[in-house]
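**Student:** All chains, please: the whole structure from these sequences, using the hints.
For reference, the chains in residue letters:
There are 2 protein chains.
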Amino acid sequence: MQLFSFFSSSTAFRVRIALALKGVSYEYRAVNLRAGEQHQQAFLDRNPSGGVPVLVDGDVSLGQSLAILDYLDSRYPEPRLTPADPILRARVLELVNVIACDIHPVNNLRVQLYLKNILGVTEEQKNIWYRHWVEQGFDIVECLLARQDDAPYCFGNQPTLADCCLVPQVWSAARAGCDIAAYPRIDRIYRHCMAQPAFIQAAPEQQADAPQQT
Amino acid sequence: MQLFSFFSSSTAFRVRIALALKGVSYEYRAVNLRAGEQHQQAFLDRNPSGGVPVLVDGDVSLGQSLAILDYLDSRYPEPRLTPADPILRARVLELVNVIACDIHPVNNLRVQLYLKNILGVTEEQKNIWYRHWVEQGFDIVECLLARQDDAPYCFGNQPTLADCCLVPQVWSAARAGCDIAAYPRIDRIYRHCMAQPAFIQAAPEQQADAPQQT
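Respectively, the protein sequence lines represent chains A and B. Remember, our numbering sits 21 above the position in the first sequence when you count from 1. Remember, our numbering sits 21 above the position in the second sequence when you count from 1.
Hints are not guaranteed to be accurate.
Any copy will do: because identical chains look the same in the list, a pair fits if it lies in one copy or spans two.
Quick list of in silico lysine to any residue cross-link-like pairs, SDA-like style, CA-CA up to 25 Å [as the list claims (entries may be wrong)]:
1. K137 with Q179
2. K43 with L109
3. K43 with I221
4. K147 with L130
5. K147 with V81
6. K43 with R131
7. K137 with R152
8. K43 with A172
9. K43 with T103
10. K147 with S82
11. K137 with I149
12. K147 with N129
I should point out that these hints are in silico values taken from the structure, not numbers from a laboratory.
**Tutor:** Next up, the structure:
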C-alpha cells in the first residue's frame, strides 16, 4: 500500500492517523504541493483532482480523504473508526462533515491562491478570511461536542473518524494563529489525541518530507 | 420523519432525492434561507450549523447532508444508494466528495455573502469565482466518470449517492449560467436522472416553498 501525501496537508494527515490507528504499514510517497508536483500529468492520471492524499492499494488508486477513510475502515476493520450504532455513526459523520465540508474547503491552498492572485486580497484580509471560517466552524464543533458526555475523544473512549478529521484541522488552525484555547472541548480532545502514539506518528513533523523546523 | 429544507438548497435537494428513491414519506418543513430563518435560535438548537437540510427522526435531529444520506441508507436499505462492493463504494464516495468538498462549499450562500459584503467583490467577480470552481470540479467529475463504462447513472444502471449529489450541483450550476453541455457525461446523466419520477419529485420547482416561477 502506498500513500501519496504532503506533510502539512490536513487531509493527508487524516488518512495517516487512520493508518496508524489500524497499524497498517505503507510506503510514504511525498508530493510537494508547494512545488506544484500535484499538477504533473503522471500524478493527475492517478488522481484527476490533483491533490493529496491518494491511496494506492493494488490496482486501486483512490482520491478524496473521506472516501479513503471509509475504504480503510472496511478493509481493516480493527479498530473500527465508524461506530456500528446507526445514531452514533450519524453523529460522528455529522461532525466529520462540518470539518470536511464547512471549514477545510474554503481555507485550502487553492482557495487561498485564488484570493491572493485573482482577487488581489491583502495578506491581512486572507488571514481574517481563514480565521473567520475556522472560528465559525469550531463554534459549531463545540456545540456538537457539548451534546456528548465529556470523554477523551470526540465520541467516547475510542477514536473515531471525527478525531481523524478534528486533529489535523486544529493543527492547521493553530499554525495559522487561531486561538484554540477559546474552544475548551476541542482543545482538550486535541491535547489528548496528540499525546497518543498513533497521532504522534501521523503528525506533520514526523513525516519524511517535513522540513527540520516547520 | 421531518425534513427541514429550502427549495433551492442543493444539499437539501440531495436528501430529497434519497428520500424519494427510497419511497420514504416525510413532513416538509420549509426554512427560508433568503429571509434568514436558519439563524433563529429555535432552529440553531436543532442544528448548530444553522443550515439545511436537517432530518428529524423521532428523537434524532441530524444536520449535514452526507451524514443524513448515510443514515437514511442504513435506516431504509432499499434501494441501497452505497454499493456493497468495497471498491465500487469507494469510487462512489470519491465522486460524492469531489462535489461535496471541492465544489459546493466554496460556492454556497455564506461564502458568496462574504465575498460581496466583506471583500467587496463585484457581481461579475463573484460570478467568475462561482464558475471557476464549478468548471474545475466538473472537469474532475468528467475524468472520474470516464473511468466507468457509459451507463444511465454515474455508476451503472441504478442510482447511487453520486447521482444524489451530482444532480443538485448541476441544477445549481445551470441556474448560475454554467455551460453544462461542455461536460457530456455529466450532461447525459443529469438529463437521464431528471426524467425519473424520484428526481422530478425532489426537484426544487416541485417543493411547497418554491415560488411559482424560479
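**Student:** Look at each hint and say if it fits the structure.
**Tutor:** Results of checking the hints against the structure:
no. : hint           : verdict
1   : K137 with Q179 : neither (41 Å within a copy, 43 Å between copies)
2   : K43 with L109  : both (20 Å within a copy, 22 Å between copies)
3   : K43 with I221  : within (14 Å within a copy, 43 Å between copies)
4   : K147 with L130 : both (11 Å within a copy, 19 Å between copies)
5   : K147 with V81  : neither (37 Å within a copy, 38 Å between copies)
6   : K43 with R131  : neither (31 Å within a copy, 37 Å between copies)
7   : K137 with R152 : both (16 Å within a copy, 18 Å between copies)
8   : K43 with A172  : within (21 Å within a copy, 36 Å between copies)
9   : K43 with T103  : both (13 Å within a copy, 24 Å between copies)
10  : K147 with S82  : neither (34 Å within a copy, 35 Å between copies)
11  : K137 with I149 : both (13 Å within a copy, 15 Å between copies)
12  : K147 with N129 : both (11 Å within a copy, 19 Å between copies)
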